[in-house]
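Residue numbers (the numbering used here), protein chains in the order written: chain A, 3 to 128; chain B, 1074 to 1212.
These are calculated hints, taken from the structure and not from any lab test. Keep in mind the model is a prediction, meaning the values are calculated, not measured. Treat the hints with care, since some could be wrong.
Said to hold, decoys possible - The calculated DSS-like cross-link candidates involving lysine-lysine, where the alpha carbons are at most 30 Å apart (straight line), are: (1) B:1117 / B:1138; (2) A:95 / B:1109; (3) B:1117 / A:95; (4) A:128 / B:1171; (5) A:40 / B:1112; (6) A:125 / B:1209; (7) B:1113 / B:1184; (8) A:11 / A:27; (9) B:1186 / B:1113; (10) A:11 / A:125; (11) B:1081 / A:37.
Said to hold, decoys possible - Distance ranges between label pairs, derived from CB positions: (12) A:90 / B:1194: 35 to 45 Å; (13) A:112 / B:1208: 53 to 63 Å; (14) A:86 / B:1080: 30 to 40 Å; (15) B:1085 / A:37: 30 to 40 Å; (16) A:114 / B:1189: 28 to 38 Å; (17) B:1180 / A:47: 33 to 43 Å; (18) B:1092 / A:51: 39 to 49 Å; (19) A:114 / B:1110: 38 to 48 Å.
Ideal placement from N, C-alpha and C gives every residue a C-beta, glycine not left out.
These are the residues of each chain, in order.
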Amino acid sequence: MYLAIKFIKKIGFKNYLLHENELTKYLIEKLITLKFIKIYGIINNNNLNNRRGIISFNVNNYHPYDIGNLLNNYNICIRTGHLCCIPIMHYYKVSSMCRISLAIYNNFKDIDYFIDKLIKINKLLK
Amino acid sequence: MNKQKSLKIISLNLVNLNNSHELFLYLIKISKFLPKISKKFYCKKFLVQGCQNNVWLYIKINKIKNNKFITIYSDSESLIIKGILYIIFIFYHNIPLKIIKNKKNIIYFFKKKNILNKLSLIRKIGILNILNIIIKNIQ
C-alpha cells in the first residue's frame, strides 16, 4: 500500500487521471469503429472526460466467457460474466458482459494490440 | 459417423493440441455438432445451477424392449461449454444404462486430455454439476 501511494504520488494524481482518460478516449474511439462491438455506457465524445477507464462491451452475440478465454491466450486479461452487478445486466437485457480496465501501466500500444486481437477473435468465431 | 468413431477422432485431435488456445478453438469447432434442441428447453426448469454460463439440460430415459437408454438435450450460450457438452453428449446420448456405470469414465477422459486443467474452478464445478444431473437421472 505504501509503495502504491508512493508510486501514484511520484506521478501525480492529476497526471494519473489524465493518462487514464486519454487511454479511455482512444480505446472508445477504436471500439466504435468496430461494427461487431456493442459498448455499454457513455460513448459520446463530449462526455468522455467524465468516464473512467472501465469499459464494458460485448462482441457480436458471442458469450463473454469465450471472448475472455481467447483473449487470455494473448495475455490480455479482462473480466467477464455478470460483473457482480446483475441489475445492470437486466437493464441492458444481457446475461453477461466483457469488461476491460485501463490504468497507469497501460499504453496506446496495449490498446492497439487488444483491438488487433479482438478483430482476430471475431474472425475465428465466425 | 458413429459415436465411437467420433470419440476416437476427438481423442486423437485433443492429443495433438499444443496449448489452451488450440483447445478452446477446437471446442468451439466441435460445438457446432451438438444437436439443436427445442425452444421449450430454454427455461429455468432446465437451467443447470452453479454454471456461470447458462446451460440448459434435459435428460430423458427411454425404454426400448428390455434396455433403457439415456437421451440428452442440452445447450449453452458459450461455444466452449457447448464443445464440452458435445463430448458429454457423445459419452452418454443413446447409450444403454447398463453400460453407463458411473461418471468416472468421462472425468477420467477430461483429466487425461487435460481439459479440466485449462478451465477455471467455477467452470469445473459447473461441469461436475452437469455430470451429477446426468448421474442422478440414471440412478
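Is it true that the CA of residue 125 of chain A sits at most 30 Å from the CA of residue 1209 of chain B? Outside the cut-off at roughly 40 Å; violated.
Taking the CB of residue 114 of chain A and the CB of residue 1110 of chain B, does the distance hold inside 38 to 48 Å? Between residue 114 of chain A and residue 1110 of chain B, where Cβ atoms are some 41 Å apart, the hint holds.
Is 28 to 38 Å a correct range for the gap between the Cβ atoms of residue 114 of chain A and residue 1189 of chain B? With a Cβ separation near 35 Å, residue 114 of chain A and residue 1189 of chain B satisfy 28 to 38 Å, so the hint holds.
Take the C-alpha atoms of residue 95 of chain A and residue 1109 of chain B, compute the straight-line distance between them, and say whether it is at most 30 Å. 24 Å, holds
Run the distance test for residue 1117 of chain B versus residue 95 of chain A: straight-line Cα separation, threshold 30 Å. 17 Å, holds
Is residue 1081 of chain B within 30 Å of residue 37 of chain A, Cα to Cα? Violated, at roughly 40 Å.
Residue 11 of chain A paired with residue 27 of chain A [C-alpha distance capped at 30 Å]: 24 Å, holds
What's the verdict on residue 40 of chain A and residue 1112 of chain B, does the C-alpha distance respect the 30 Å limit or exceed it? 26 Å, holds
Within a Cα-Cα threshold of 30 Å, do residue 128 of chain A and residue 1171 of chain B meet the stated pairing? 40 Å, violated
For the pair residue 1085 of chain B and residue 37 of chain A, does the Cβ-Cβ distance stay inside 30 to 40 Å? Holds - the Cβ-Cβ distance for residue 1085 of chain B and residue 37 of chain A, about 38 Å, lies within 30 to 40 Å.
Satisfaction of the hinted span 33 to 43 Å by the C-beta atoms belonging to residue 1180 of chain B and residue 47 of chain A: For residue 47 of chain A against residue 1180 of chain B, whose Cβ atoms are near 52 Å apart, the range 33 to 43 Å is violated.
Need the status of pair residue 1186 of chain B, residue 1113 of chain B: alpha-carbon distance at most 30 Å? 34 Å, violated
Checked against the numbered hints above, the structure breaks hints 1, 4, 6, 7, 9, 10, 11, 12, 13, 17 and satisfies the rest.
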